[in-house]
Amino acid sequence: MEDFVQKLRQYAKNGTPAERRIAKYFTEHLNDLPFETAASVADRLDLSPMTVGRFLRALGYQGLDSVKVEIRETVTTSPAQLQSAMSELHQDAAEGKPLAVLVAEQIQALHHIYHLTAQPHWSEAVSLISTAREVSIATHARLASLAHHFCQRLTQARDGVRTLDGADNRFAELFARLAVDDALLVIIDCRRFAKARLLARTARRYGYKVVLISPQQADWMADQSNVMLPLPPARAPDLDNLPPLIALLDCLSESVVLEVGEEAALRRRRMLEFATVLGETANH
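In my numbering, the protein residues as written are 218 to 501.
None of these hints come from the bench; they were simulated from the model.
Being a predicted model, the structure only gives us computed values, none of them experimental.
From the three backbone atoms N, C-alpha and C, an ideal C-beta is built for every residue, glycine too.
Any given hint might turn out to be false.
Stated by the list, open to error - Beta-carbon label-pair distances, calculated as ranges:
| hint | residue 1 | residue 2 | range |
| --- | --- | --- | --- |
| 1 | Ala411 | Gly277 | 51 to 57 Å |
| 2 | Glu471 | Ser257 | 23 to 29 Å |
| 3 | Leu316 | Gln434 | 22 to 28 Å |
| 4 | Leu299 | His329 | 18 to 24 Å |
Said to hold, decoys possible - For lysine-lysine, the following PhoX-like pairs were computed, each having C-alpha atoms within a straight-line distance of at most 20 Å:
| hint | residue 1 | residue 2 |
| --- | --- | --- |
| 5 | Lys285 | Lys241 |
| 6 | Lys412 | Lys426 |
| 7 | Lys241 | Lys230 |
| 8 | Lys224 | Lys241 |
| 9 | Lys224 | Lys285 |
Model the full structure from these sequences, guided by the hints.
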């Protein structure tokens, strides 16, 4: 990362006018780069995405995604900094500051999920998702975007993953054919998902294995799924508990990627290369 910053300083002094503008922007907004794209940077600086792409290649990167990876790998928080931040957070939460209370509750939920990753049923869920012949992900239409995100993450590790959100009776796709041997259904439950229990029972009757992701307090029966991964309680009964759910889905998909191993690493590399090619093509 220090080498990257040093190159930016050199271009800020000696580059072309466009290079100086990009280098200055990158230097002043390093913390924002994980949330940027070449197109968004180009738009902010009134340049073309192709110009930003050429600048990144001159720095030795294939694109902004490569820079983001390096930032993630090199920018760390020291234990002392972390301890100081946590102490400040707990103090603010004890004083009743609303955002501090919210962040403290979310950190507690993350502790719950991290503890869950060490449990046998977590390993069983990871094994089922990794080895099933096909994986279907079902949820309420309200959570369809999260199911698609989870599906895309799993695609980094394996083929044969699809999402079903129940819109237009799409759950019928599961049962409109003879059961596939060793097929898996992942159900992401929420309070609005009234069909979840019927879907789980029917899927198991048709020979599917079922991994269930559901709030702790949900009244599921043990025989309605093969594996249950419980979410921590929601802050309020009428909430969907999205932050812990997103964290659980990310941890679960990453565990599957790690379980698959080298083949998943190769798939990720090929997908990144193809995304880079598409990005370069779009800029011409």
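Please name the hints from earlier in the document that this structure breaks, with their numbers sorted from lowest to highest. When the structure is compared with the hints, none of them turns out to be violated.
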